[in-house]
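Let chain A serve as the given structure and place chain B on it in line with the hints.
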Amino acid sequence: MTNSSEVTTAAATAQVAVEVPLKVARRRVERVGFVYYSSRRQLLAPGGVERSESDEKLEGVGEEVDISYLKSLDPKEWKDQDHYSILGLGKLRFEASDDDIRRSYRRMVLLHHPDKRKAKGEEVIQDDDYFTCITKAYEILGTPKARRSFDSVDPEFDDSLPTQSDIDSNYFGVFNKYFTLNGRWSEKAHVPAFGEVDAKRDEVERFYNFWYDFKSWREFSYLDEEDKEKGQDRDERRWIEKENKAARIKRKKEEMGRIRALVDLAYNNDKRIQRFKQEEKDRKAAAKRAKMDAAQAQKAEQDRAIREAALAKEKAEKAEQKRIEQIRIEREQQKKILKKERKILRDKVKDCKYYAKNDKDQLKHMEGTEKICETFNLAELQALNKAMESKGRESFVAALHTAEQKIAAELEEINQTQQKQKTNTTATPKGVKEVKKTELWSNENVQLLIKAVNLFPAGTAQRWDVIATFINQHSPGNGSNGVLVTARDVLNKAKALQNTDHSKSTLKTQANDAAFASFEKSKKEVQTSNDITLGEETPAQASKENVKQNGVDHKVNNQQQKQQTKQNGTVGAVPADAPAAPPATNGTGGAASKTWTKEEQALLEQAIKTYPNTTPDRWDRIAACIPNRSKKDCMRRVKELVELVNSKKEAQAAVK
Amino acid sequence: MWPRFGIKIGNSTLCIAHVREDGKADVIANKQGDRVSQACLLWDGVSEIECGLTAKQKMATRPRQAVAHSFQLLQPKDQLTEEKLSGALKEIPCDFDQEELVFRMEHTVPSEKEDQDDKVVTKDLSAYQVTVELLRAELELAHQYHTDAEQAPIAVLSIPSYYPQDSCKLLADAAQSAGFHVAQIITEPTAAVLGYRIGEEQAEQRRHVLTIKCGGLYSDFAFYAVQDGLFVQLATFGPYPIGGRQFTEALVQFICEEFRRKYKLDPHESRRSLAKIRTAAANCKHILTTLPSTQLYIDSLMDGVDFNAQMSRARFESLIQPVINSLLQQLSECVEQAQKEHPGLSTIDDIVLLGATMQIPKLQSALAARFPDAKLHNSHSADEVVAIGCARQAVCLLDPLEQQLHKDEDCVVAEDDLYIWHGNDEANAKLVLGRGSVLPAKIRISLPQSGEANGDAGDNAAVSFKLRTGESEILAKLPDTTQAEDGLFQLEVEVDVDDKDGNVVPLVRLRCM
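One line per chain: the protein sequences are A and B, in this order. So the first sequence is numbered by full-length UniProt numbering: it starts at 1 and just counts up by one. So the second sequence is numbered by full-length UniProt numbering: it starts at 1 and just counts up by one.
If we strip away everything but chain A, and leave its shape as in the complex, we get (with noise of 0.2 Å):
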């Protein structure tokens, strides 16, 4: 009040700026909480922060409203009256906010309030008077739900549809005003926007999508014609509620119809729907039309491309044959040079008496000439000619000796070339199986075959496998040369072998004659030495072999087989009349010669069994369990059984 100073900056914007005395204060403040984020808002609003108090804003809300107007009201029609008119919203109606409305009804009461009018020297009538009108109005707008009722019959709203001549002469225009009108009523915010002429058309659907499942909040509790809570009983307020509830169905009910009807007509007289509809059938079209374009033109080409191949072809095969023709006629050419070359050489050389000095020159010569003919190539016969032309004998015979020369060098090629055809068959695997199939056969591998196929019976997992691998480890042959039996060539040796005849197999007329001669031999043995040890090495071998065969075939010749092999036996062993020869003065080859037949085999078998392995004197009790066999005979054989058993087994390992 006391320290006044005026500073006063006259400036073009109508700003003045004042030093005021305002304690202020410097403090490092924490950026945190309403009050700092609130000041940091002021700062950064771009325009400054309005300073709003109560009062002063509720001017210019609203509008002012005719005095007239209000005490026209009667507070008894409250239901029939606008009531956003009488808070003076009358402009702004259903968009006017909560906080109009609000304010909008103070500015009211303090206007149009008794206590204010009385105290302006108005007269009031306490009973019947307009206020009652105002706070009715505020009731109503100012609850969410009664405003609602409210707005759902708002008096202002129009509920017609569009006539064919408004649609006719501006249908955006129309349209466009009652989308906007009746989009109120949407449940959902974001209203779609009708659109112009040329809106797209995911839009258009997008608009009437929205509208054909419009959701609308329009209820029409307002219009009740009782209120329920007049009901003086129970059943007489569910009776009124149960007529209200059927007279706002069927409201809704029919203001559902007027939405479809309105989405319909303009759905209806829509040019852009048409619009879609023409070009969705001329794009349809238009992608039939290319699709078969497409498939013509493609036929066409593929026509075209063969067409072109054939005749493409045919120029090439006309070409090769006039080439093939070419060189055909060539070659008769030259064919007709050199005969008449050699013609000429052969007549020359006659002429010439064969350049020979005596008869034998001569025949030498003779032959030369021819040899030269068949060497010599047609430059060289040419030259020779010529030659011959100058220097007659001398020419001819270095000819003869080149010639001669060349015939050599020939036959050392061939045979080179011969050489190496071996060493290349030797080396290469796929030639030794052409050419060594018959090698691979050999009886030794046949037997061994046979051997396998009755070791492993038809049914054994992977047999052929098997018996190959088996063939290939016992094989002697096989192994050093690293020759091997396949599955393949056992199965078809196999199959061979069954199917030949027996009586024509080379094996059994090998056989025989193995047998034959062995036997003749023996007998020659017996006959011409005395000295029954010294004979004792070949007929053992001899029986082995027989052995052997016997093996191979022994189902056809077993029994003379047999018959044989004791002989042997007992030739190379003792005399005949001691058949169970004590192996002690036996050689190993010739106990190991003595085969088992079938009944000693049983034997066999049955004695080991009745003998285990804790028996004392085990082996001489089997031995005696078998007539004709010694204890080392037996031992020898189970001895053999054993490996037999085991290599069957490492056979059948090794495949698997």
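This list has only true hints and no planted wrong ones.
Derived lysine to any residue pairs resembling SDA-like cross-links, with alpha carbons at most 20 Å apart:
{"id": "1", "chain 1": "A", "residue 1": "Lys177", "chain 2": "A", "residue 2": "Pro162"}
{"id": "2", "chain 1": "A", "residue 1": "Lys23", "chain 2": "B", "residue 2": "Val232"}
{"id": "3", "chain 1": "A", "residue 1": "Lys23", "chain 2": "B", "residue 2": "Val497"}
To be clear about the criterion: a stretch of chain B counts as covered by chain A if any three or more of its residues have a C-beta under 8 Å from a C-beta of chain A, and this derived list gives those stretches:
{"id": "4", "region": "229-242"}
{"id": "5", "region": "411-422"}
{"id": "6", "region": "429-439"}
{"id": "7", "region": "463-477"}
FYI, nobody ran anything at the bench for these hints, they're computed from the structure. C-beta atoms are modelled at their ideal positions from N, C-alpha and C, and glycine is treated no differently.
Just chain B now, kept in the frame of chain A:
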């Protein structure tokens, strides 16, 4: 943009609160149903990393694979002094590489064959990575409420008051890579003060707030002046190595003595036994904050001997009395020092407790006895209040997508009201600036024309306004060209400050709209 989240991360625990637009903050419970998660991490030796209570439980048996109390190491390298490191290392179960500053977890894979040696696999995690893992677990909780796939959850994080500014950046980066959008990082005591809404009722006089934090390992104190809704941090003290660990340790010593007395066995000999006792003691401590007594039972503590004792709160309190005393002594020292620096601190109006350890009733009552005049705020659980405060701060954010890492700002604050009116019509005076407004400010105001000024508008082209603050009145004449509409002047008042030789002088600019 909603809900937003407030996260408290500390050495021992984490807590997350969510808040909706209305500002009501609520703590989110984790999978175990606890509102506070354990800040422990356990590596399973292969690839999986688990966090929380399960990790803490397994930590006792597999200490080489676990990381705990890692948050204290989330500081830039140069800040980690020898002293800090050696103090921190005592609390970390696994190895810590002091060169690389990484936690080295070891896992022994038993060899398949007997003759081979066992294989040892190691995994290195920096404190930063551990923090990311822990926050990722919190993010899972946040997703219960946050469903927006495009926008990462907006979060305000807290950091202890004594952490350097660089740590804020580290923490913010960690939270970002865990999947949060970090809007702001505020200090723990500030968050707690905010959590209790101190000073929000526009209290006229200045309030002084003392915050006492006692967490798992450390405690710290801070003094705040709250005036007109603005918070000013006056002083901070700490960290002091008094925390929940010390309280637990007191109980552990008691149990050891008791056991030795009863069975003549010393549990100190076995690390495993000690770990068992520690777990049981911590548990017992938690129970005794709410219940008057509990049974202390440790199965097969040592050599197959069980330990069983009845533990009453009174006994517990007598055990922890020395720790409380040391804390109070430390606090008294700090208060004295603060009062020396800020004479205004002679009275302390509010005390805010934060940190789980502050829930111990004896501690609270001891504080209440020490500061009988102050209002003790303990309505929120002390370990949750920081998260709640952070969440409440998340509501205030002006632009939540902007990141704000600086804790405070230098502001010029008006300490008196400023009024303005037209002519001599003082009755229609309008408030331009209230106390506590931050300058500069720009206010639009509509001023009713005074009746008498209307009369002499003709003789003077300028329109005169009067400004009043305190006892002084100032006349400002505006060369008016626009006439007032409806008897109202639309004015734009800009209150700015002019810096004159270090003295701030406020300057008011008037502009007619």
